[in-house]
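These protein sequences, in sequence, are chains B and U.
Start counting the first sequence at 1; every next residue gets the next number (the numbering used here).
Start counting the second sequence at 1; every next residue gets the next number (the numbering used here).
All clues given are correct.
PhoX-like mimics (lysine-lysine), calculated; alpha carbons at most 20 Å apart, straight line:
(1) U:K79 to B:K276
(2) B:K247 to U:K4
(3) B:K318 to B:K254
(4) U:K4 to B:K271
(5) B:K247 to U:K79
(6) B:K5 to B:K33
(7) U:K73 to B:K276
(8) B:K246 to U:K4
(9) B:K311 to B:K260
(10) U:K79 to B:K246
(11) B:K120 to B:K132
(12) U:K79 to B:K271
In short, the hints are calculated from the structure, not lab data.
None of these values were measured; they are calculated from a predicted model.
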Amino acid sequence: MNKQKITVAVSGLNATDNPGPGIPVIRALREAKSFDVKIIGFSYESLEPGIYMHNLVDKTYQIPYPSAGTDVLLKRLNYINDIEKVDVLIPNFDAELYSFMKIEKKLEKMGIHTFLPTIKQFEERHKVNLTKFGKKYNIDVPHDKVIYSPLEIYNLASEFTYPLFVKGQFYDAYLANSPEQAIFYFNKINTKWGTPIIIQQFVHGTEVNVIGLGDGKGNTIAAVPMKKQYITDKGKAWAGISINDKKLLEITDKFISSTKWRGGFELEVIKTDENKYLLLEINPRIPAWVYLAVGVGQNIPEALVNLALGKKVKTYTKFDIGKLFIRYSYDLIVDLKEFEQISTYGEL
Amino acid sequence: MKIKNNIAISDSGFVFNPSSGESFSINPIGTKIVNMLKEKKSFDQIKKQILKDYETDEITFEKDYFDFVSVLKRYLLIKDNE
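Extracted from the complex, chain B is given alone in its bound form (with noise of 0.2 Å):
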């Protein structure tokens, strides 16, 4: 039987040391079994490295940031739409989600499908709502303070001690050991990302993490945990293994089912020497290493577009403990033209 062909955008082509989930996702959807794909990436910088993989990436269009606006977002949408007629649409990046939310109606006229969560459940999960969440949802979570001047840092010794995070609102954290160190890095943070500041209680532990996909029903469609094993200077996970923590499922499911969560997302949990899990972040799409959960058994993107395209998909209960990955860099050599192709016409 011939399998469905069909037009999936992925955004997050950024392959880099700090990498965006974008080239995973579009490996896991190569591998999917329901369906074969054509993929358009959409970058928003000429050297995303993915917009040069085109053994994985069948068209890049360039779009705009999200700081230009819906409609100009639209506008783009529309012209790339005429071309490819875009069955999916999986938005990879923190920044972007909220505008792609907003116009998810209308990218549904245009036939262009999404399994987004809802703004509500975006909103209620923020780095700086977390702890109105954490008691809404019963969930423990580190005690934190949102600040928008550093001068409130100096306030800060009565609520908490040192160390502790000093968080930006969308990326960042830093771990701060003082006063002055934090007043320094809520500057680095407010200089890139404004404010509020989030202040989190550093908490002594091992961090774990779930990556996980609801259905926007409250039931878990799949959920991996995994335990970094190097983590890179920008924080990130360079290798990792899939572990077996059956209190950390539990608490997926719990976030799922108590929120109706919608779409892919990471949770970012510190299990503390006393054995209690606290909740320190909820990504609100697929992290970076999703692959990892392609490989120990569950293909969480290929879920996702058969969820987005109103396809029963079946619940995955099992997955290979004890499984790493490994990420490794590697050089493209590229053409001139094909630079200046992106750069200049905006597609390649």
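Keeping the supplied structure of chain B fixed, place chain U upon it in accordance with the hints.
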């Protein structure tokens, strides 16, 4: 003293804890002790076997054994005390 059921130990002495993702390399005598603990052998049985297989005395064995077991405990590879 029991090695947790889910702990995997290979012949080469590679130990993997699937719930934490941690792995360790143990030398041959350590591997032998861990395997005996996994087989639920008692302290006396382990002592007898090691004293038979290696040129060591009871006091040295006991000192090294409890030292080794405390390391296993620290890495959460052992379940409960008897």
